[in-house]
Structures are given as structure tokens and as C-alpha cells.
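S.K.: Letter by letter, the chains look like this.
2 protein chains.
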Amino acid sequence: MIRFTLDKLEALMGRVLARCGVEPSIAKHVVGGLTEASLRGVDSHGVQLFPHYVEALRAGRINGAPHLRFTKESAATAVLDADHTFGHAAGAVAVDRAMALARQVGVGVVAVRNSTHFGAAAYFGLMAARHDMIGFASTHATPHVLYPGADRPTLGPNAMCVAVPMAGEEPFCLDMATSAVTFNRLKLVKEAGLPIESSWGADADGVPSTDSASIAHLFPIGGYKGYGLAMVLDIVCGMLSGMPVGPQVSRMYGVPLSERRFLGHVVGAVAVSAFEAPEVFKARMRAYCDGLRAQSMRDEMGVAMVPGDPEKRAEAVRRRDGIPVAPELLARLEALDAGAQA
Amino acid sequence: MIRFTLDKLEALMGRVLARCGVEPSIAKHVVGGLTEASLRGVDSHGVQLFPHYVEALRAGRINGAPHLRFTKESAATAVLDADHTFGHAAGAVAVDRAMALARQVGVGVVAVRNSTHFGAAAYFGLMAARHDMIGFASTHATPHVLYPGADRPTLGPNAMCVAVPMAGEEPFCLDMATSAVTFNRLKLVKEAGLPIESSWGADADGVPSTDSASIAHLFPIGGYKGYGLAMVLDIVCGMLSGMPVGPQVSRMYGVPLSERRFLGHVVGAVAVSAFEAPEVFKARMRAYCDGLRAQSMRDEMGVAMVPGDPEKRAEAVRRRDGIPVAPELLARLEALDAGAQA
Chain B
1 MIRFTLDKLE ALMGRVLARC GVEPSIAKHV VGGLTEASLR GVDSHGVQLF PHYVEALRAG
61 RINGAPHLRF TKESAATAVL DADHTFGHAA GAVAVDRAMA LARQVGVGVV AVRNSTHFGA
121 AAYFGLMAAR HDMIGFASTH ATPHVLYPGA DRPTLGPNAM CVAVPMAGEE PFCLDMATSA
181 VTFNRLKLVK EAGLPIESSW GADADGVPST DSASIAHLFP IGGYKGYGLA MVLDIVCGML
241 SGMPVGPQVS RMYGVPLSER RFLGHVVGAV AVSAFEAPEV FKARMRAYCD GLRAQSMRDE
301 MGVAMVPGDP EKRAEAVRRR DGIPVAPELL ARLEALDAGA QA
Chain S
343 MIRFTLDKLE ALMGRVLARC GVEPSIAKHV VGGLTEASLR GVDSHGVQLF PHYVEALRAG
403 RINGAPHLRF TKESAATAVL DADHTFGHAA GAVAVDRAMA LARQVGVGVV AVRNSTHFGA
463 AAYFGLMAAR HDMIGFASTH ATPHVLYPGA DRPTLGPNAM CVAVPMAGEE PFCLDMATSA
523 VTFNRLKLVK EAGLPIESSW GADADGVPST DSASIAHLFP IGGYKGYGLA MVLDIVCGML
583 SGMPVGPQVS RMYGVPLSER RFLGHVVGAV AVSAFEAPEV FKARMRAYCD GLRAQSMRDE
643 MGVAMVPGDP EKRAEAVRRR DGIPVAPELL ARLEALDAGA QA
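Here the protein sequences come in this chain order: B and S.
Counting in the working numbering, the first sequence tops out at residue 342, every number present.
Counting in the working numbering, the second sequence tops out at residue 684, every number present.
It should be emphasised that the hints constitute simulated quantities derived from the structure, not laboratory data.
Hints may contain errors.
[What the hints assert, rightly or not] Ranges between beta-carbon positions, derived for each pair:
#: 1; chain 1: B; residue 1: His67; chain 2: S; residue 2: Pro586; range: 41 to 51 Å
#: 2; chain 1: S; residue 1: Glu539; chain 2: B; residue 2: Leu330; range: 36 to 46 Å
#: 3; chain 1: S; residue 1: Ala509; chain 2: B; residue 2: Pro24; range: 40 to 50 Å
#: 4; chain 1: B; residue 1: Gly149; chain 2: S; residue 2: Ala625; range: 25 to 35 Å
Ideal placement from N, C-alpha and C gives every residue a C-beta, glycine not left out.
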């Protein structure tokens with residue numbers, strides 16, 4: 001598999017987006033969000049999504065030259081109308097505002113309306129955590145999650161990120177879907193010949209299944225708990241922003257790419273300094289994480305990690321060796337680039 | 343099993359706490375929190391805890407006449423020093439402040455330090471949700487949760503509640519521990535002769551077990567996801583408040599009741615009106631929940647519920663028939679009451 005340097009990928013995607021008329025202030029977050037996810041090893045939300053986004057842009061789903069505006073504001077809150085632009089840019093503008101509010105009053109919460117897929121929630125949580133804030137980001141998503149016992153899905157594998165600053169290394173970063181697994185993960189597990197648990201998903205009729213080929217819907221983590229968490233994320237992302245919720249949330253794939261998504265997100269920032277001296281807090285965070293990493297495992301070869309550790313390992317390798325790009329993706333990127341340069 | 347009316351239980355507990363010198367402003371939340379949990383069918387966090395609390399009060403762990411004070415304040419945040427009083431009262435004072443802040447700036451977040459066990463998180467989340475706010479409450483707890491593969495527990499089954507107002511009925515209320523199950527639930531499952539899943543807990547050496555008698559530690563929901571969530575709750579409850587975290591969190595049982603707990607909590611309130619007209623939001627919430635309740639189930643007898651529904655059913659029955667009190671608890675309550683009236 002070929003590997004791209006970060007610079008080369010950034011330049012390629014930048015050229016394609018510019019050619020499509022995407023404003024530089026928007027394009028930088030599409031490129032930034034996708035390359036950060038790929039660098040961190042989160043390939044499902046990385047560069048591999050780029051060709052899909054370009055198609056959605058050309059077909060009219062995504063608006064590359066939006067009129068972003070805050071439609072409602074208070075001292076600690078705001079609502080951003082994203083005018084159907086890339087969710088990456090909408091989320092970044094929202095978290096910038098949340099951070100500005102948190103600097104003033106300790107906390108900022110911003111709901112985003114009329115948005116599209118925003119990629120990895122970590123992109124937004126990490127932005128806040130790099131400025132001594134606890135960052136929060138969440139989105140709802142295409143309904144693929146089944147209420148245990150139901151016969152069709154009603155909620156998305158709605159996702160959230162909480163990122164927390166710590167001394168001497170990149171932030172703690174929990175970025176999770178509320179489904180037990182994702183379709184991507186199911187595919188990888190099957191390819192690796194590992195067993196699939198019946199609590200992960202169900203077939204088209206809702207019957208729990210351990211055959212990845214027949215799994216059509218996903219179960220939530222922890223039964224009613226994960227379903228409840230997915231509802232909470234749907235409620236804040238969809239109802240604080242006035243967007244559709246539950247089974248009415250639009251689909252990412254399998255529908256015309258000219259159709260708008262009408263997604264909502266919520267991002268938040270809490271200034272650590274409103275509660276504790278940031279240096280004290282960050283030193284405690286580091287000691288806490290180091291303590292959990294050093295905990296005793298039953299298997300001597302076992303390694304305990306904290307959220308964000310696998311991504312930090314991947315990033316160290318990929319910054320050195322480049323970002324792997326599969327042949328099929330390479331061909332699509334080269335075709336897009338050739339079009340951009342024509 | 344005998345049943346107590348709400349009035350009778352409130353009066354009995356009020357007499358006992360008054361006799362122990364607990365200030366009325368504190369006692370009302372101990373009584374309110376415990377009876378609300380019992381009414382809602384959450385017996386693990388209800389009146390059955392009352393004798394334990396009275397012992398902890400007499401032994402010096404809990405301070406019945408505290409000097410509560412806010413040690414740090416901003417326009418959207420505060421830190422409350424609970425002076426080792428009942429967590430029920432500390433949480434209620436904190437959520438009152440969070441609601442006052444949210445009325446002013448849209449959001450309020452309050453961290454509590456030097457607290458004790460606060461009972462059911464729902465007590466605080468519901469307070470905010472009854473005033474057209476999204477209520478959040480969280481606490482850390484005695485370390486009983488095992489990192490998958492580790493040989494001893496490092497985190498508590500840290501708990502959170504999110505409560506959301508809806509039209510025409512009590513709020514949506516997700517109140518959950520981040521462990522797959524609780525010890526209480528394990529006991530009930532065993533008594534009912536139902537199977538125990540190996541993903542629920544482990545024996546004293548950390549080996550996953552399906553024998554409830556040998557389960558010493560609990561697993562988190564969804565593996566690393568639940569562990570990560572438990573860390574997030576530990577971080578906000580313990581580090582924003584300057585309290586111990588992780589394996590250093592104090593134990594509720596098995597240690598002298600004279601020992602202070604030094605627990606932290608975080609509560610929050612988000613004013614719906616900062617984002618959306620409350621009447622619109624609450625009507626949407628109701629339609630959303632009714633839609634999910636009406637979803638089609640594979641088993642025709644199956645019933646879909648949303649968070650808070652089981653508790654609403656229990657409350658309807660218990661308001662009519664009274665709160666069941668087991669014989670052993672009855673004897674302890676009567677002894678406490680006799681002491682109070684002596």
C-alpha cells in the first residue's frame with residue numbers, strides 16, 4: 001500500500017476543493033479534519049471519505065460557499081446555522097465560539113443546524129482541549145441502531161467526544177459511537193477471522209446474528225444504557241437545533257447526493273481555570289492516566305490504555321512513515337486531482 | 343411485605359434526622375432524595391440506605407450541620423464546598439445554583455467538593471428538567487470496575503443522569519452507572535435463576551465469571567467505551583473539584599464510618615429557551631418518545647420503553663399502594679424511630 005506524506009495529501013485535497021469552488025476558510029477544516037483522523041489511525045473517518053464528500057459537493061448536498069450565521073446567542077450559548085456546508089467547518093466555527101464563550105463565562109455550548117457529516121468528533125473536542133478546556137462534541141447520524149427486541153432501527157450510532165488536556169502529551173480523547181460496534185469494525189473482525197458476538201448486531205429482521213454478512217442493524221452498547229445515550233445525543237443535536245431526530249434523520253448513503261442532510265451537532269467547552277488551576281489539573285490528569293496505564297494485568301503481556309492512546313501510537317508512526325492509501329482510494333484521489341488540474 | 347405511605351416514611355425519617363441534629367434545610371433533601379428513589383422503584387438508592395446514612399452521621403463521616411459555601415464562581419460556573427454533609431443536600435444546592443446560572447446565561451455547571459454519597463443522580467437531573475432545562479448530574483464512586491484484562495478494579499461504576507423535559511408527563515430520565523450491571527442487579531438475577539453473562543463481572547482475580555457468588559468486580563458497559571465514560575465522570579467529578587480519583591476514591595462500606603468520603607460531583611443545567619422555544623421543544627420530545635414507544639417489536643408482546651418509563655410505572659403503583667418495606671428494614675426503621683422519640 002502506498003503512503004502519502006501529510007503535506008502531499010493536504011495539497012491534493014486543497015487543490016480539488018479549490019477547483020470545486022470551496023472557500024478557503026471552509027476547505028481548511030475539511031482537509032484538517034480528514035488528515036487528522038487519518039494521521040490518528042481513524043481511517044473510517046479519514047481521507048477515504050474525501051471522494052464521497054466531493055461527489056456530495058458537486059451534486060448539491062454540501063454547500064462550499066455558505067453563509068454561516070449565529071441565529072441565537074446568549075452569554076454562554078449560541079445556535080449556528082451552517083447553511084449546509086461541510087460539517088467539519090461548521091463544527092470548527094461552533095467550537096471556536098464555544099471556546100470564546102468559555103473564556104468569558106467558564107462554559108460555552110453551541111448547537112449547529114443545517115449541517116452535514118462532520119467526520120470524527122475528536123477534531124472538535126481536541127481543539128478545545130489544546131486550549132486548557134474540556135472539549136465536548138456530538139452528532140447524530142443515519143439510523144442503524146436497533147432497540148433490543150425491535151424489528152427495525154430507530155436511532156443512529158450517535159457519537160460523542162470528550163477531550164481533556166493533560167501535561168506533556170496530547171489530550172485524553174474519548175471518541176465513541178453509542179453502537180456496540182460499527183460496520184467498519186464488523187468488516188475488519190470478519191476479515192481477521194475473529195468471532196462476532198450476538199450482542200453486536202442483528203439481521204434484517206432484527207434477529208441477533210453472529211454472521212457479519214447478514215448483520216444489517218447494530219445494537220447499542222450496554223442495551224438500554226447505550227440506547228438511552230444515543231437518545232440523549234439525538235435530543236441535544238436534533239432538538240436544540242430544530243433538526244429531524246430518530247428514524248427521520250437523513251441517510252448518508254443510498255439516497256441521491258443532491259439531498260440535504262439537515263444534521264445537527266452540539267459542541268461545548270468548559271474552561272478548566274473556572275474550577276482549578278490548569279497546571280494542577282493537567283499534572284493530575286497525566287498522573288491519573290499514567291497510573292491507569294501502569295495497572296497490573298492478568299496477562300503479563302497485556303497493556304492497559306486510556307482513551308486516545310491507540311490514536312497517539314498510530315500518529316507517531318504515520319507522521320514518520322506517511323498515511324497509507326489503498327489502491328482503490330489512490331486511483332480515486334488521482335482522478336480527482338487530474339480533474340482539478342485540467 | 344408491609345407498605346408505607348409516602349407521608350409516613352417522610353415523617354419517620356424527618357424525626358430521626360432532627361433528633362440527630364441535622365438541619366432542616368439538609369434533612370429535607372435526604373428525605374426527598376430517598377423517598378423519590380423509592381417511589382420510582384429504584385430501591386437500591388431509596389429508603390433502604392437510610393439506616394446506613396444515620397450510622398455514618400453518628401460516626402462522624404457525614405456532617406448534619408455543615409457550612410456550605412461557594413469557593414469559586416464565574417458567570418456560568420461555581421465550586422461548592424459541601425463540608426462533608428449529605429450528598430443529597432450538596433447536590434440539590436449545587437443544582438439550584440446551576441439553574442440560577444442557566445437562567446442568566448443559558449448554562450450553569452457546578453462542581454461539588456468534600457461531599458458524601460448523593461443517592462440517585464436522577465434527583466438532581468429531574469429538578470432541572472422540571473424547570474424547562476436539560477439537567478445533568480454525575481458522581482464518582484467506590485472502585486469496583488475492572489479494566490478488561492486487569493486483575494484489580496481501578497474505577498467506580500461512576501454514574502450520570504441526563505433528564506429532559508417533555509410535554510404532559512414527567513421528564514425523560516436516563517440515570518445509569520457505567521458498569522454493565524450493579525451488585526444489586528446481580529443478586530436479583532441470581533435469585534430469579536436467570537443466566538449471568540461473562541461480560542458482567544469477574545472473580546477476585548479478574549477472571550470473567552458467570553457465577554454471581556464469585557463475582558467480586560464489575561466490567562464496564564461496552565468494554566473500553568464504558569471504561570472511558572467512567573474515566574470522564576471521574577475526571578469531571580474528582581479533578582474539577584480537587585477530590586481523589588480512580589483507585590484513590592474512598593470506599594462506602596468496609597471501612598470505619600468515621601472516615602470522610604471526600605467525594606466530588608458535577609451537576610449542570612442547560613436552559614432549553616437559549617436554543618428553542620420550550621413549548622416546541624417539549625412537544626417534540628413527547629412525540630419523539632411516543633414514536634419510539636410505539637416502534638414495532640419482533641415479539642408482539644414486546645414493549646419498547648424510553649429512559650424513565652419503568653420508574654414512571656413504579657411511581658404510579660407506589661403512590662397508590664405505598665412503598666414496600668422489607669421486614670429487616672422495617673425493624674431497623676422502627677428502632678431508629680423509637681430512639682428518636684425516646
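S.K.: May I ask which of the numbered hints given earlier this structure violates, with the numbers listed in increasing order?
M.R.: The structure conflicts with no hint, since it agrees with every one listed earlier.
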